[in-house]
Structure formats: C-alpha cells, structure tokens
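Undergrad: Spelled out from the first residue to the last, the chains are:
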Amino acid sequence: MDPTEKSVQKTHRARHSGPKADKKKSKNKHEQDLTARQRNPKAFAIQSVNKAAKAFRRTADIKTKKQHIPKVDRTPVEPPPIVVAIVGPPKVGKSTLLRCLVKNFTKQKITDIRGPVTVVAGKNRRITFIECNNDINCMIDVGKIADLALLMVDAKQGFEMEIFEFFNICQATGFPRCMGVLNHLDMYKDGKTVRKRKKHLKNRFEVELYKGARLFYLSMLVNGEYLPNEVHNLCRFISVMKIVPLTWRASHPYIFADRMEDITNPEDIRQNPKCDRTVSLYGYVRGTHMKTKSMVHIAGCGDYIMKNMTFLPDPCPTPTMEKRRSLNVKERVIYAPMSGVGGIVYDKDAVYIDIGTKTGPEQEKPSGMVAALMESLKPVDEKVRESQISIFKGGPAISGEDFERKRHDEHSDEEGDEEEEDEGDRDSVMEAESSEDDDTETEEAGGPVKKKRKILKDSEDEESDSNSENNTMDVEVDDDNVGTSDQDDDNDEESMLKWKKDLFQKAAVKHRARINYTKMVYGEEVADEAAEEEEDSNDELGGLFKVLKKASGDGSRVDKHAVNMKDCNHLDCDDVVDLDQLGEDIKDTFVTGKWDASEDAKARLDEDDALYGDFEDLETGEKHVANEAEKDDKSDDDSSEKGKDDYGQDLDQEDEESEGKVKTKAEMSAQERRLAKKRKIKELFDKEYDSKGDDQFYETWKAEMDEQAKLNRSEFEELPEDQRVQYEGFRPGMYVRVEFEQMPCELIENFDATYPIILGGMTNVEEKLGFVNVRVKKHRWYNKILKSRNPLILSLGWRRFQTIPYYYKLEDNMRQRMLKYTPEHMHCNAVFWGPITPQGTGFLAVESVAEKTPNFRIAATGVVLELDQSVEVEKKLKLVGHPKKVFKKSAFIENMFTSALEVAKFQGARIQTVSGLRGQVKKALSSPAGAFRATFEDKIRISDTVFLKAWVKVEIPRFIMPVTSLLLSQESKQAWLGMRTVGQLRHERGIPVPQKGDSLYRPIVRPQRENKPLVIPKDLKMRLPFKDMPKELQEPKQPKRVAVVLEPAEAKVANFMKRVKAIYKDKRQKEHHMMRKRVQEHKKKVASQEAVKQEKLKEAKKRLHKILGDMKKKKESASHR
Amino acid sequence: MRLLMSTLSGKSVKISQIRPEDDDPGLTDFEVSFIRLLDKVTNGTKTVITETGTQLVYRPGLLCGGSIEHDCQNSRPIGYYLEMLMCLAPFTKEPLRAVLRGVTCDKDDPSVDLLKLSVFPVLKRFLGTDEGLDLKINKRGAAPDGGGEVIFSCPCRQKLRPLKFTQPGKIKRIRGVAWSVRVSPGFVNRLVDSARGVLNKFLTDIYIYTDHMKGGQAGKSPGFGLTLVAETTEGSFLGAEQVSSAKGSGEEPTVPEDLGKKAAISLLQEIYRGGCVDSTSQGLSCLLMVLGQQDVSKVQMGELTPYSIQFLRHIRDFFQVVFNIKVDKKPLAAAAGNDDTDEEEELKTGGDKLILTCVGVGYSNVSKAIR
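In order, the protein sequence lines correspond to chains A and B. So the first sequence is numbered by numbering that gives the first Met the number 0: it starts at 0 and just counts up by one. So the second sequence is numbered by numbering that gives the first Met the number 0: it starts at 0 and just counts up by one.
To be clear, the hints were calculated from the coordinates, so they are not data collected in a lab. Heads up, the beta-carbon is just placed ideally off N, CA and C, and yes, glycines get one too.
Here are some chain B residues pointing at chain A (derived, C-beta under 7 angstroms):
# : residue
1 : 42
2 : 60
3 : 319
Result set (DSS-like, lysine-lysine): computed pairs, CA atoms no more than 25 angstroms apart in a straight line:
# : chain 1 : residue 1 : chain 2 : residue 2
4 : A       : 701       : B       : 123
5 : B       : 297       : A       : 709
6 : B       : 39        : A       : 952
7 : A       : 292       : B       : 10
8 : A       : 70        : B       : 123
Have a look at the derived ranges for each label pair, beta carbon to beta carbon:
#  : chain 1 : residue 1 : chain 2 : residue 2 : range
9  : A       : 984       : B       : 11        : 32 to 42 angstroms
10 : A       : 272       : B       : 49        : 34 to 44 angstroms
11 : A       : 113       : B       : 369       : 34 to 44 angstroms
12 : B       : 369       : A       : 63        : 16 to 26 angstroms
13 : B       : 369       : A       : 822       : 13 to 23 angstroms
14 : B       : 68        : A       : 984       : 45 to 55 angstroms
15 : B       : 68        : A       : 65        : 42 to 52 angstroms
16 : A       : 75        : B       : 369       : 28 to 38 angstroms
17 : A       : 201       : B       : 11        : 52 to 62 angstroms
Generate coordinates for the entire structure from the input sequences, incorporating the hints supplied.
TA: Dropping the structure here:
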C-alpha cells in the first residue's frame, strides 16, 4: 500500500564473478550450443494453431471440472457427532475393532458394547460408533445415517457379499465416505503371500470405490486386541476425515437415537401388558433443523407424530477451545447409554451416572452417587433445576411427571397470579395467560372478560410505553372507541370480528404505541392447547370464510362487501386524511427527499475520500474540514440509540486515522501523487480484468451462496436458545429428547440395541402417498429378472416398505408401455404406490429380507423421477372378433364386444384382419349384443379373424406395507415376511400353474392342397396376345402306317436290292476315303512347292533391296560430293 | 386461504361450522367456484361438502398446472382467484396457463392491474426471472356482470430462491393504469388529471396509461378505475387502486375526479406504510419465503394487514414456521450542511417498517418431473 515501504526494498543483484557466478555459468551451456528453441522458448510457444487450441481447451476443461455447483454450506457451527459405522460379514472382527477404537479414544476398556457409542475425538470432533450386524435391514438403515463406513474385510476370505451389498446400499443413499479395514492378515504364514494378498485386495477395493481408496491393515491380534499403533493410526484418520454433505441428509432432519426410555405409566402396563406405550427417545439432531410436532418416520416401525421435543444439555460436549494440542482425561467423554456408559445425564425421566472405567452395568447406588459427584463435568446446580430425584436407570421416574407438572403449575401461577384467584383450574390459568399476551381473544363474548381484556391491554401499553404519557392516552381512547362502536353496531357479531378490527385499528395507531408485533401475530403462542383449539375453531369462522352473522334482515348488496372483507387482501383507506400531514410524513421516501446517511450522495463521496482520498482531497483541500465538522456533529448529537453511538464512534476513529494520513499527504510531492493515482487505476483495472471471463458467473454465484450461508448462521445467533428453537426449529448438533405416544409395545419388548433406531424427519408433502415414477435398473449381479406385480421391498428416503411395482418403458411417442419383466441389462421405468419423495432421491430394492442366501440380495437400484396421483401406464389389448356375414366391402362382426354401448365407444376405431385388410368400426347392430357393422378396404372372408388393437390403462394396486423389522421378536428379527408372490404361494401349496388349453403348442397338421387347373375363359383366351395364350400343342397328324406283306418274288427282289444298296453304299464310302487321302497328299505337295516359291521370292526381294540401297548410297554420296 | 395452504403442505383440512346461522348458510358460490378451480389445478383432490354446505373436508392432491380455463363467479372479482393461483403456480408440474373469466376489478379484492403491477415483481424475485410470467388482460369486466377475461401464465420451479430484501430505496417513478369500460372515454383522462394533481407535488416522473376498452372487450357492465404503482430505486413496487362503485350496487355514482384523487391518496397511504413489498403482496411474499430452501429469508414490510396476520397464522399452523418480526430502525438523515447541527434526525419515511425473518422449510416442488 504504502509507496515508501516498497521503494525501501533492495533489488536483487546477480553475481557476475566469483564462485557463485562460475557455478551458474557451468550450469548453462554455451549460448551458441543451444538450439534456437532452447535459447528462446517463448518464440516457439505456439507452433501449431490447432495444438494451441487443443491445449487451451484442455486447460479450460480441467478448470471447469474443478468447479462444482455452489451450494449453501449448511453445516452447523457445532456439528453433531459424526456417525462411524463398522460394517462387515460375521466373524470378521467388528466388535473387537469397535472395542479397540473406543479404548483408543477414551482410554477405557469397555467389554460389552451395545448400541451406539459417542466419544469425544478431538477439540471439535465427536464420533458416534455403531456396529452394523449382518441383517440387510440393519445395513440399509446404517447406510442412511453413516457419515463414514469402516468396511471390515477378512483377508483370507476376500470381499464377501455383505461388502458388495453395502457398497450398493451406500450408492443408493448418496455414498457416504468408506474406508476398508483388512483383517486376519496373520492367517498367512509368509510375508510374500501377505503382500500379494494385500495388493490384490487393494486393487479390487479401488475398482469398487475409487482410485486411491483407503484400505487399512490390521496385522494381528495381541491379547484379543489389535496392535495399538495400528488402531491409533486408524483413529487419527477417522478424526480428521472430511465428511461429504449428502443431498438427502442435508435436506432432512434426523435423529439417530442413542437412548430410549419407556415412560408409560407402570400401572397401565400392569393392567394390560400389551398397551400402547409412551416412549421418549434421545439423540443428536442431524441433517437440518427439526421442527417440533412434525411427523417422523421411525425406520422399521412407522410414521409417528412427535408429541414433545425438548433440548437437553449435551451429554458429550466438545471441550472448550483452548490452545492445547490434546485432550485431557476429563475431556475424553464417552456416552453410550445403551451399553450403560456415559456421563451424568439429567432429564425429565431419570438421572444417569457415568460409572467410569467400571464395565458392569450394575452398580451399587451409593458408590454411583459418589462417582457422580467425582465425575461430574458440569456445574451440577445448573442441571439440578431440570432434574428430578429418580435414579433407577431404565425404570420409570418415581414421580417425574407429577413433580414436573406441579412445578410447572407453580411456575405459571407466578406469571398470572391475579387470574389464578378467579379461576382455579389449570386451563383457565393458561387462558388468562394468553389473554394477558397483548391481544389474543378467546371466543367468550361475555362482557366481563372483554373488560378485563381491555384493562390488561391498557396496562400493558402503559408498561411498554411508559415514557410518553400522551400516546398511551391516545391508545386508550382508540381502544374504547373501537369497543363501543363494535358493541353499538352489531352486538351479534362474533368477537372474532371485533378482534380483527381491533387489530387493524392497532395497526393504524401503531406508529404511536409500541406494540410487540410478534405477539400481535402469534399472540396465542403461549396459550394452552385447549385455548389454541378454541382459537383455531374461531379461525375457522374467520379464516377462509367470513364471520358468521346471525339472521340480519337486510341481505343487501352493501353487506356483501363487509362480509367479503374478511378474506380479501384489499386494504381500504380512510377517507379522512390530512393530506399535508401525510405528505410531510412520507416526504423522504421519494428520490427528491432526503437520503439516509449511508446512501446520501455527499456522504458517500466523503466516505470514498476516506478510503482512497489520498490525492483528490488535496486538490480541493476540503475533506479534512468536512470530516471535522461531521465529527462535531456526532459528538454534539447525544443520540439515544445505540447504533447511532456506534456509528459515531466508528467515524471518530476513522477521522483520527485519516488525520494521521492527511499529514503525510500534504507532504507528498506531485510525483508521488501521480504514482498513487496510477496505482489506484491499475488496481481497479486488475480487479475488473481478473474477474472477467467465464469465471465471473461462477464466482458471483459462489459468493452469493457464501453470503447466504453466513446469513443463515448469523441471523439468529444472538437470540436465547428457546427463542431460537422457536424460529429455526432444533438445529443440528443439539441433543434432544423426543416423546412419542401410542407406540406399539413390541418396540419396547423386542428392543435390541444392535438395531439402530432412526427418527427420520419429513417435510410436509412427504407424509402423503402417491404414485411414484422411478427409473430402475435390475442389478447386474442379481440372478433373476424382476416381474411386474411381484411385491418388492424398497428402501426409499427413510422408509423401507413393500410395494407392488409395475415396470414400463417410455416409448418414442411418450407412451408408457407396461413391461412384464425388467430388461436384463437396461434401465426401465417403474411405477408404484408409495410415499411422496422428492425427485432425484435414490432407492434400492430387495425381493426379500427374510431368506438367507449366499447370493447377492440387492435386486435393483434406481432414482425417483416423478410423483403423481394417477398413472398413465398402458398395455396392449387385442380384441378379437369374427365375421358373421360378409357383404361386398362391409361385414358384420361379432364376438368382439358384449354390448352396443361398448361398440359405441369404439366407433370409428381401426380394425384389421389377419391378412392385413384394414377397416373401421361403423355402427352397432341390434340383434346379437355387441355385434357391429364394419367396412374394409376389400371384401373379407367369412373365415377371417378381425382384430382391434387398443391400449388399456393398467391399474396399479395401492399396496404399501412398511417393513416393521424393529417390532419383531429377537428370533424373528431377520425373518420379516411380507406379501408373497403368486409363484411362491403356488409353490408352497403345490398348485400347478394354470394353463389355457389354447396357449399350448400342438403339432401343426397341414392338409395336402389340391390345385385346380387353371381355366381361362374362352373369350379372354381369344383376346390374349399370342405369346400369353395357353398353347395346346397338338401332335402333328402322321399317316397311319400299314404293315406290308410282300410276295416271295417281291421279297427276293427287295432282298437283292437291299444287298446291292449295301454294296453300293460300302463302295461309295471307300471311294470317299480314298479321295480324302488323295486330297491330303496333294495339299502337302502344294504346300512344299509353295514354301520353295516363297523362299525364292524372299531371296529376290533381298537382292532387290540391296541393289536399291546401294543405289541410294551412291546417290547420296554423289550429292554430298 | 387454508385450502391453499393445505394444497401446498399436503395436509387434509376439515372446515366445519361454515356460517351455520346465516341467512344463506354454508359455502357461497364463489367459494365453491374456488374449490372447483383448485380441482382443476390439482390432480387427485378429494373434496366432500355436506348437504348443507356448512362442512367441508378437503384432501389435496398434487398440483399439475397446465392449461386451464375457469369461469369465475361474478360475486368476487378475478383477483380473489388469481391471488390464490399465484401462490400455487410456482409449484405445478407444468407451467400454468390459466384463462380466468369474470369480473376483473371490484372494490373488495385487488384488481388484475394491481396484481400485475405490484405482486408480479415480488413473484419475480422468488422465481429468479420473469420469463414466462405474464398476465394478459383480454377483456375487462366491471363489477356486477363481469365479462372480463385474463390469461395468467407462470413458470414452475423446483425450488424457490430465498429473499433478502430489506432496503426499499427511494421512489423514483409512479406509473399507473386508468381504465374504463362502457363509459365515456373522457373519464380516463379526468381520472389521470385529478390523480396527477395530487401526486405532482411529490414527484414529476408520473405516467398513467389510459386504457379504454370498447365493444367486445368491454365486458357487460360500466365501470372505471385507477391503479397506481410507485417504483423505487431498488425495484420494489407499491401499488394502490380505486374502482368506481358498481352499477346497481345502491351506492351513489362515482365522480372520476374524486376517484382519481382517492386513488392518489391511497397510493400515498401505501407509501406511508411502505416497505419493500406492498400490502397486497405481503401474504404472498411471506408464504414464498417459507416455501423456500432451508435458508434465512428477510424482507422489510410496512404495517401488517389483518389479512397478512391471518396468513402468518395459517403458515404457523400448516408449516410450523414462526416469523421473527422486528421493527426496523429508521434510517438517519445525512448531515447536509456543516453548520446545521440539528439536521441529524430520522428520515420521514412514513410508518413503522417491520423486518420479517424466517427460515424456509426446504420445500421443493414434488410434482415437477425430472428426466
């Protein structure tokens, strides 16, 4: 900032001689040895445009990949303990690990651990450990709440099904952190196999999770415990682990109950052991703010409305922040009420005492007390106020409720003692209390009550506004006016209306009398239940619908407005207004009016000067003076408001500072001033330039979110705890007690601490049921495909329930076509009747939680897409009919419908025959019910079958059954049986699958076909072209030969002639042969002669050419010469 | 209003004892009409009304939105229906496009103009953008017989944004709409003149649009009115209006000059009440703050109207959300001159301003589909 400081710094001077310079020189080679590229790399930065573009794109990609959608950081200031679950197959060493971990954190040895254990792990980290057993219900529930899962793996066995199942469970719930712990490495003898095994398992683990997933090794057991340094290492990892915020958990409050008490009246239980119980559950609120009296889902039990919710002092507090590295022994608190360990806990029902290192749950009373005194960590007197004197653990409080009530009564008596005298019972006390609160009217229209109310109000007004007497008078007058006018105008009117008018009136006079607005709006807040109910019923009259009026004769139009006014949002203005006064009052709300200090242009300018006014001031030389004046103003004005004072002080300080600066400023030279100016401009430019580009949007978005997070944290910070709870709900990190009524007795009777009890909070809409559309995929390791209509157990949101899904496919025309089975390797959609859950929530499905199978149990996973109250899933329907009578192009079709009404519904529908002839339904016939006339594009045959292809909506059964695994007895905990499939039922009862005879396959018998000859009509044949005319090829008529019987003489002659002919023939043949021979010889002779002749000719030609050549030569030589 | 909350929170309501001792007991026609409208907007709603009409059981379904048409009863203007619809519209499955027919402006409910001018900016702040947010007045219909038609369209959102709006700023301009149907077109000008007469003292940037509708667009009965809205530098809108008395209502006929003056005065009163949201949209802004994410929302308002108070109570009953209501400190005037020491005092910004703070319930729109 300061220019003088910067200039003081010495610049670096490189050595040019000496050993250092030599060393440097030897590093750098001779300049001339280097290539041009090495000498001046910058010049070669961009060789190819494409490459550069690619590189740029890559960097941009990497940059964008790093960005996440900014979310409001909702982690509380003091977060609840993180939940660390230890998961694994049986006999892998989970309990031992848990013991070792607890021992490492608390230095206490606890042998019998049941249920969750909360320990303090560090200065700002607490951990709740749970061990997850092998039940799939348990694994699902744990997967929903665990922040970190330790997956125990037996090195000898490798990864077992449980681990893989848990991975998938985690995936469906948003994937909390997972860490592997490899155990039983001492089963291997030599180091090499151990190393190989480790490597193999680690690779597999990384495949399953992510590259670089952490896998711990526990090498051996010593005295039934793992090596301390290995456990210590693991603990350190756990306590510094960053927890990922998961969407579902960040938007839903939940409590992982670490303690449960049955506070039913013991007498009721004695009379009826199966009576509904009143139960209080304890735990830290996690996730987000939890509201009292909201509905929660207890996983494995059902939906319940909280009767009561109170916050308690933290049983396992994080130690106060001091500058120390480690915790001392006292701060290493452990809290595990289900295992019988924990600090002293006071609450309504019982007192709990930490029994320190003692492990046995049973403890003598006196020593317990002593221990209590010794080990108490907090000032006891604080807690005693809230506590009662009952010491039995788990047992009902001796007189807790009674005592409580009595105390409460006394408390309330103090508040409203004057009313108490009039009305004895408790309700009336509360009522009086409520009426005391400023303005809530109870509906009693009697005179005395009203009067009392008025008095009360007046008195309160006086209280609140003691400094200005006049104002109080005004209020009184106003109130009276209202009261009397009300009474005069319509006595019959309900008090509600009056009260309303009263309110309105008050609102009008508010600027004079200070009224507590919160009380005005939520006046009945403090009132008793009963009073509230009455108030509610009153609301009903006045809320949506207007106040009832007793039969008043005139039903005129004017009345309408008065009546309607109750539900309308229109504010009538009073007609009589002093316009000038009004104008004066609102003068400053216009731009033309005065601006407030922070916004006033002049003030802003001054402020600006204070910030960067190093130079501008000097030009005017004024600022100094102005500030002084302002300072004077401030000091003169003895304002009563605190904020003002603060402001004034701030300014004073500022002034002093600036004064100091001004001195230096005056001494600055022109050069320095210029420098300063330049620097400022550069700063501005840098700021603008850096924030430009694609980052800007992201950055502003992020900043917005951060701001919101800051606001969320700071808004209610300074309020007292009970008020804060009222506005925000119970924020995460608070230890609360939740009371439930009418819980099933099985919850208590079959309570097992190893099963987690989760109170999952829900938003308003999630209590409802509806049709849930999901995208689902059968798990690739599940060895069956899933069938529509088969019941399936889903884990969705907090719930586990059985329902009947229908699978469907979204076709290209957006038709939801039902599928009978899920595709084998593809996503499909499904719809089922279930709880409304926000879109994007993951779920997983199992077919049964009861059966013990070595196979993979998770059937499918998916995500919620859409919620609705009706379904659009359709399946194909083919209606089949037969022609009854066929005309030219129309036909009567029967058997397709059963009544004329049905036909009427399908009029105009497209039909077709098997052969593909298309047609249309026309009109119903009268005679056989359901028959109709149809037209086709051609004449159909009587033997044809006619189809009508239609789509019919599928009715989804509204079946949902929560998996109540918590309520089952110990032995049947893992055997929850819900609805069975039809197949299962058939199998159990030995009923064969019914089959339609029609659907069975039979050998196809085809009769031999006889073709009739083609007959072409005569006239057509006549007209055919010749080539197409069927030709009847007749055999040419041959003369009939007659056998000739010769006379002997004739025969003799004939014989002679025959012989002569034969001889003649033979003679001719010989002659022919001879001739051929001759001809060949002659040809040879001629050829040889010819050859000689040719030879001679060739010779002659040769000679001739020679002569010619010679002559030419001669001629040429002659010419040359 | 409770039905509205019920629809949003998914809780069933049973309203009994509806005017049992009235001349005309039970639900009125406009209430039944409103229930019909709810039925059109939602899917799977079940409503059971007893024979006498004095008891109503309402089981809400999911909001589906889409295109709907509704003939509103003439006994209440469209504003009554539209106000409720505006609360529901951000949470529908598909963007809502509603055609409402009936009386556009009447004395007892905010008119469509007022809703458009003053409530829309508030709605816009929650939605983040005003893309697709529109109210088109096709026809105007004055009080007794109606005949008006408006088209309301609103986009739907998965989640609303939290609102932080505590600096109302200064009023920089005044706009308005003067409308008349089936009366002389000169009426609107008379309205504008008289209103400007009052307002010009405060601000010069005043522009009042005149909207005289004729023929088929003019509805069935005569009437005129003036809606004024003041816009501040920070983008908050304060609106007020006045409407002429209906034909056959038994009241004396309204003079345009009086009406204009009255409207101007009611605007001044609204400014007196002040705040970042005006009295008409107090309820809506409170509701949408509650239905936001689990973040703190803060808004400054003027005096709470009885309607808003009732609204806040319903919010408490249905969503268990309690508002923190504090009186805002009045801004201080700046030191104008160096010598004038008495200048340091509260600005004259009218009535007390309240800051309402609440934490959203983390409401998300469950009906909108994701793909």
